[in-house]
Amino acid sequence: MATQILMPALSPTMTEGKLAKWLKGVGDEVKAGDVIAEIETDKATMEVEAVDEGKLARILVDEGTEGVAVNTPIAMLTSNGEDVSAVAAPAPKAEAPMPKVAAEGADAKAIAEQGAKGQRAAALEAAPAPEKDWGPTKPITVREALRDAMALEMRRDGDVFLLGEEVAQYQGAYKISQGLLDEFGPKRIIDTPITEHGFAGLAVGAALNGLKPIVEFMTFNFAMQAMDQIINSAAKTLYMSGGQMGCPIVFRGPNGAASRVAAQHSQCYASWYAHVPGLKVVAPWSSADAKGLLRAAIRDPNPVIVLENEILYGHTFDCPVDDDFIVPIGKAKIERAGSHVTLVAFSIMVGVAMKAAETLAEQGIEAEVINLRSLRPLDTAAIVASVKKTNRLVTVEEGWPYAGIGAEIAMQVIEHAFDWLDAPPVRVHGIDVPLPYAANLEKLALPQPEWVIDAVKKII
Amino acid sequence: MAQAAETRKRGRTKEKTVDHDLLLKAYRSMLLIRRFEEKAGQLYGMGLIGGFCHLYIGQEAVVVGMQLAISDGDQVITSYRDHGHMLATGMEARGVMAELTGRSGGYSHGKGGSMHMFSKEKAFFGGHGIVGAQVSLGNGLAFSNWYRGNDRVSLTYFGEGASNQGQVYESFNMAALMKLPTVFIIENNKYGMGTSVERASASQDLSKNGAPWGIPGMQVDGMDVLAVKEAGDQAVAHCRAGKGPFLLEMKTYRYRGHSMSDPAKYRTREEVQMMRTQNDCIENARHRLEEAGVEDKAIKAIDDEVKATIQDAADFAQSSPEPDPSELYTDVLLEA
Numbered sequence: 001m002a003t004q005i006l007m008p009a010l011s012p013t014m015t016e017g018k019l020a021k022w023l024k025g026v027g028d029e030v031k032a033g034d035v036i037a038e039i040e041t042d043k044a045t046m047e048v049e050a051v052d053e054g055k056l057a058r059i060l061v062d063e064g065t066e067g068v069a070v071n072t073p074i075a076m077l078t079s080n081g082e083d084v085s086a087v088a089a090p091a092p093k094a095e096a097p098m099p100k101v102a103a104e105g106a107d108a109k110a111i112a113e114q115g116a117k118g119q120r121a122a123a124l125e126a127a128p129a130p131e132k133d134w135g136p137t138k139p140i141t142v143r144e145a146l147r148d149a150m151a152l153e154m155r156r157d158g159d160v161f162l163l164g165e166e167v168a169q170y171q172g173a174y175k176i177s178q179g180l181l182d183e184f185g186p187k188r189i190i191d192t193p194i195t196e197h198g199f200a201g202l203a204v205g206a207a208l209n210g211l212k213p214i215v216e217f218m219t220f221n222f223a224m225q226a227m228d229q230i231i232n233s234a235a236k237t238l239y240m241s242g243g244q245m246g247c248p249i250v251f252r253g254p255n256g257a258a259s260r261v262a263a264q265h266s267q268c269y270a271s272w273y274a275h276v277p278g279l280k281v282v283a284p285w286s287s288a289d290a291k292g293l294l295r296a297a298i299r300d301p302n303p304v305i306v307l308e309n310e311i312l313y314g315h316t317f318d319c320p321v322d323d324d325f326i327v328p329i330g331k332a333k334i335e336r337a338g339s340h341v342t343l344v345a346f347s348i349m350v351g352v353a354m355k356a357a358e359t360l361a362e363q364g365i366e367a368e369v370i371n372l373r374s375l376r377p378l379d380t381a382a383i384v385a386s387v388k389k390t391n392r393l394v395t396v397e398e399g400w401p402y403a404g405i406g407a408e409i410a411m412q413v414i415e416h417a418f419d420w421l422d423a424p425p426v427r428v429h430g431i432d433v434p435l436p437y438a439a440n441l442e443k444l445a446l447p448q449p450e451w452v453i454d455a456v457k458k459i460i
Numbered sequence: 001m002a003q004a005a006e007t008r009k010r011g012r013t014k015e016k017t018v019d020h021d022l023l024l025k026a027y028r029s030m031l032l033i034r035r036f037e038e039k040a041g042q043l044y045g046m047g048l049i050g051g052f053c054h055l056y057i058g059q060e061a062v063v064v065g066m067q068l069a070i071s072d073g074d075q076v077i078t079s080y081r082d083h084g085h086m087l088a089t090g091m092e093a094r095g096v097m098a099e100l101t102g103r104s105g106g107y108s109h110g111k112g113g114s115m116h117m118f119s120k121e122k123a124f125f126g127g128h129g130i131v132g133a134q135v136s137l138g139n140g141l142a143f144s145n146w147y148r149g150n151d152r153v154s155l156t157y158f159g160e161g162a163s164n165q166g167q168v169y170e171s172f173n174m175a176a177l178m179k180l181p182t183v184f185i186i187e188n189n190k191y192g193m194g195t196s197v198e199r200a201s202a203s204q205d206l207s208k209n210g211a212p213w214g215i216p217g218m219q220v221d222g223m224d225v226l227a228v229k230e231a232g233d234q235a236v237a238h239c240r241a242g243k244g245p246f247l248l249e250m251k252t253y254r255y256r257g258h259s260m261s262d263p264a265k266y267r268t269r270e271e272v273q274m275m276r277t278q279n280d281c282i283e284n285a286r287h288r289l290e291e292a293g294v295e296d297k298a299i300k301a302i303d304d305e306v307k308a309t310i311q312d313a314a315d316f317a318q319s320s321p322e323p324d325p326s327e328l329y330t331d332v333l334l335e336a
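The listed protein sequences derive, respectively, from chains A and B.
For the record, in the first sequence the residue sitting at position 61 is 61 according to UniProt numbering, with numbers rising by one throughout.
For the record, in the second sequence the residue sitting at position 318 is 318 according to UniProt numbering, with numbers rising by one throughout.
Please keep in mind that the hints were generated in silico from the structure rather than gathered at the bench.
Be aware that one or more of the hints could be misleading.
Unchecked claim - Here are the simulated EDC-like cross-link-like pairs (lysine to aspartate or glutamate), alpha carbons at most 16 angstroms apart as the crow flies:
#1 B:K25 to B:E295
#2 B:K179 to A:E415
#3 B:K265 to A:D191
#4 B:K39 to A:D52
#5 A:K31 to B:E295
#6 B:K39 to A:D191
#7 B:K39 to A:E38
Stated by the list, open to error - According to the in silico footprint, chain A covers these stretches of chain B (three or more CB under 8 angstroms from chain A):
#8 38-48
#9 128-139
#10 323-336
Keep in mind the model is a prediction, meaning the values are calculated, not measured.
Yeah, the Cβ is synthetic: ideal placement off N, Cα and C, and Gly gets one too.
Let the sequences and hints guide you as you build the complete structure.
Next comes the structure, spelled out in C-alpha cells:
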C-alpha cells in the first residue's frame, strides 16, 4: 500500500504555503530524513523531510503551486518494494482524524463556567466559623512563635528541614532560627551561600522528590532573584504534571517595609504572590497567627508563601500554649467586633487598623477589624458577612494600591455584597512611590492610624 | 593542577569485546527515540501537535548511553527537548505521544504538553520549559538523596546554551560545596536555538566549566553510545562514592531545527548532511552489530517492533479523547 505525503504545517499558525521546489523526482529512492521538497511560508523557506522510506511514485502538486493547504496530499511513496507504476492517485482527501472531544462549544463553555462558579461559591459557602478556643495562653514574641512552630514541626516530621542564608551558625539574620542548629544539627538546619535562585531551586527539586523544605529568605526583596523557581517550578508543576508531582514547600521571611532601609529593601509582595494559582499565601500579624499559620504551612502539601514582618518580630502577643495549636489556612479572624464599618487588614496593618478602631470608638464609631491572615485563599465569606452587617468597607495595606490586595477585596465585596454597601469602598495603602529613605518622607509614605480614621469618616 | 579538576578528551571507544545484548538494547532504545521523533514531526505537520515541539533527532546516544550507566531509582531531569529522555527512562511511547497531541491519555492528561511531562514511577522529573531552571532542581534531587542517606544519583541534563545561565553556576557551587551526588550533563549540540556555541561561550571546552569549583569534567563523543556509557559509568561511580558532582560535556548534534518552525539558516545543509551520513549514532551502532556478527534478522526484528510501537503510539495519541473540560480546574492545589 502506497504512503501519502501530506503538506505539512511548519508552525502552529501555518494554514497554507507555496510548494516552492521538488528536490526528488518520480522514481527516486527516498529514505527517512531525506529532504524532498522546499516550502515557502509567509515567514521562511522550510525543507520537507521524508518520514517513510520508499520510491517517489507520484507528485501530486507541481512545484511553484501557491496556497497549498496544510494536509493536502502532495506526493505518493511506494512501500515494501511496490512498483512505482502500481501506485494510483489517492482517493479523495484523507481526513486527518479529528480529536474526540468530551464536550464542545456551548457545552464546554457551560461546564467551564460551572467550574468557575463552583470555585466562587465554595469561597462563600463556609459560614464564618467561630475561632476555636485553645485554652490557656502565654505572652511570646512573634520571633519566638515562628521558631517554636518550626521546631515543633521538625520534631514531628523528619522530612522537614530549614535552609537559607545565616539560618544555622549565625542563628538567623533576624534570629528566627535561634537554637535550631543545636537541636537539629547541620543536616536539617542548613546555611546556604548567597545564592537565592540556586537554593530556592534546590529546595523546590527536593520538594518535588518528597522532602518538605522551609526556605528562609533573608527578606522577600531577595526572593525576586528566585521568582522563576517559585512561580514556574513550585506553583505550576502539580498542574503541568496532571496531578502527579506536588511541591510541599514553605517560602518564608520578612516582607514589606522595615525601617529606614529605602526602596530596594522595603516592598510588600502580597499581591505578587496572591496573584498566582498554585500558591497559598499567608501573612501573620500576632504571635498566635505566626505560630499557627507557619505550622499549617509546613504541613500543607502545596507551596505556601509566609509573608512575615520584621518590625513585628519583636512584638509580644498572647499565644495558646496547647501543643496542637494550629491556625487553618484560609480563615480570617475578627480581631474586634463592630457594627459601623469593616476594616480589612493583614500583617502589620492589623495593628494600625486596631489603633484606628480604638480612636474611632472614643468618637462613637464601632469598627469591625478583620485580620485576613490568609491572602490566598482569601476568606471572602468572612469579609462579605461583615460588610453585610456594617455596610461599609475600608481596606488597609502597606503595599502599593495598583492591582493590590485592597483592590481585590473591594471587587469581591462589589461582586458579592454590592446591594449592602451604603458607600463606595475606600482603600488605605502605601503611597505609590518607591519607599524613600528620609525619616519624614518614609513616614509620609506608609499608612498611619489617622489615615484609616480619615478614610472611615469619608464614608460615615 | 588538582586531579579533581582535571579534564581530558576522549575518543571513540576502542573495539574491545562488544557486549551484544547491551548494544542491541542501546540500538533499540535509540531507534525508538528516532522513530518517535520522526512521527512527532509528522503529526506536527498534520496539525495534531501544537505549540513548541523540540525534536531530539541526532542526540539519541547521549540519553541512551547515560541511561545504561544508572540504576533503577536514580533520577533524571532535563530541559524542554525531553521526549528522548522520557522514552529512555522507560516511559511509554503512548503516553508521551498522547501528551504531545494534548489528549487525556497523555502523561499530564494533556495539561503539560511537549515540554512538561513527569513520571514518579520512572524517576523522571521533567521536562522544564525555562532554560537552566532544571539545573537547580536537579541539585534538589541530589540533595534529597544526600538527605535520605541513600546511594542514588541524579542526572541533570542541559544544553550548551543553558550553560550560560547564572543559576547553573550557583548550582555548580552548591553541588560542589555540599558534595551532592549529581552528574551534570551538557548536551552540546553546537547551537542554542540559532546561536552557535562559538558566538555564545567565551570558552569552548565546556567540560571545564565546573573546574573553578573542583568539579571534574570530561568531553565525550556524544554520537557514540558506548563512549557515553563508559563516561557515564565513571561519572556515576564518582558520585556514588560520595565524591560530589561530575560534569560531562557531550559533543552531539541535532539534525532538526531548534523547534518545528526553525528554517535553520544559521548552518549549512552540508554540515547537517555530514553529521548525518558520517557520524550518526544509530548507523554507528548498526554497523557495530553487523561487524560483531549479529544477524540481520535480529536487527530487522527490532526495526519492525519499534515501528509497530510507534504506530501504536501515534494511533493512541489520535484516538485518545481530549481532556474533559472539568479538568481545567483540577490539579491546581492538593487537598490539605
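Problem - Earlier hints that do not hold, by number - result: Hints 2, 3, 5, 6 and 7 contradicted; others consistent.
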